[in-house]
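Engineer: Sequence:
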Amino acid sequence: RMSRFSIKLIGSRRSLSVAMLSIHSVVPAFSAPTVVRAPTRAVGATMFNEGDIGVTPPLGVWDPLGLIEKRDMRRYEIMEIKHGRSAMLGFVHILAIHAGVRLPGYLSQAAGLKFADMPVGCFASLEATPTAGWLQIMIVTAMAETGAGNVPDLPGPSGLAGGPTGLVKAGLLGQPQTADKAPGDIGGEIWQRYADPEERAFKLNAERNNGRAAMMGIIGMMIHESLTGNPVWPLPYEA
Numbered sequence: 009r010m011s012r013f014s015i016k017l018i019g020s021r022r023s024l025s026v027a028m029l030s031i032h033s034v035v036p037a038f039s040a041p042t043v044v045r046a047p048t049r050a051v052g053a054t055m056f057n058e059g060d061i062g063v064t065p066p067l068g069v070w071d072p073l074g075l076i077e078k079r080d081m082r083r084y085e086i087m088e089i090k091h092g093r094s095a096m097l098g099f100v101h102i103l104a105i106h107a108g109v110r111l112p113g114y115l116s117q118a119a120g121l122k123f124a125d126m127p128v129g130c131f132a133s134l135e136a137t138p139t140a141g142w143l144q145i146m147i148v149t150a151m152a153e154t155g156a157g158n159v160p161d162l163p164g165p166s167g168l169a170g171g172p173t174g175l176v177k178a179g180l181l182g183q184p185q186t187a188d189k190a191p192g193d194i195g196g197e198i199w200q201r202y203a204d205p206e207e208r209a210f211k212l213n214a215e216r217n218n219g220r221a222a223m224m225g226i227i228g229m230m231i232h233e234s235l236t237g238n239p240v241w242p243l244p245y246e247a
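Remember, our numbering sits 8 above the position in the sequence shown when you count from 1.
Misleading hints may appear alongside valid ones.
[What the hints assert, rightly or not] Simulated restraints, written as ranges between beta carbons of each label pair:
#1 100 x 121: 18 to 24 Å
#2 236 x 84: 30 to 36 Å
#3 121 x 156: 45 to 51 Å
Quick caveat, the hints were computed from the structure, so don't treat them as lab data.
Cβ atoms here follow ideal geometry from the backbone N, Cα and C, with glycine treated the same way.
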């Protein structure tokens, strides 16, 4: 039993290495674009006060490393929002696939691989994804990050901004994060906007807190799977 556990743990470490390399390969796509990033400068601690977006109980203004006075915190806000959104999607995805939700059709017709045939494990699914699939993921991520694909001069259906489908200019693939926009405002015209300042602050803080919780949750799922083979432990699980 001990030797079987050792083999399983070695395999989990190998899978964890593959996952880390995969995540490392797409990290540049989730970093703020260099051309629109605000210049690094000394920022006063008054940049964040109680009541600001993202400053929520119980921690409030929590800066144990003293970065507020040394770094461009706007860039860190943008990074936190992006990683939080990605983590929320990943967390929900794991719950969905373990509940039996599958897309119809083929993930790769050339390989004869259907979505229903994909393993449900975090690391096993990473290893089973074809190289072409990873390239597609990276291209779409880069397009969403940079706003590539927004074509304002082409007509679209009535009631929507221009673009080949009418949704492109409206932000289906995202718009670049520029200095004149609030951190995380990359959705374009199709995103919901709130005129009431209190409602807007509540929604943005809810997104920020849910993203923080999801980042911890997805890391916990990866650790659970690497140690036990079950990302949703202690819930029952069948591979």
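Engineer: Decide, hint by hint, whether the structure agrees.
Structural biologist: Hints versus structure:
no.: 1; hint: 100 x 121: 18 to 24 Å; verdict: holds (23 Å)
no.: 2; hint: 236 x 84: 30 to 36 Å; verdict: holds (33 Å)
no.: 3; hint: 121 x 156: 45 to 51 Å; verdict: violated (28 Å)
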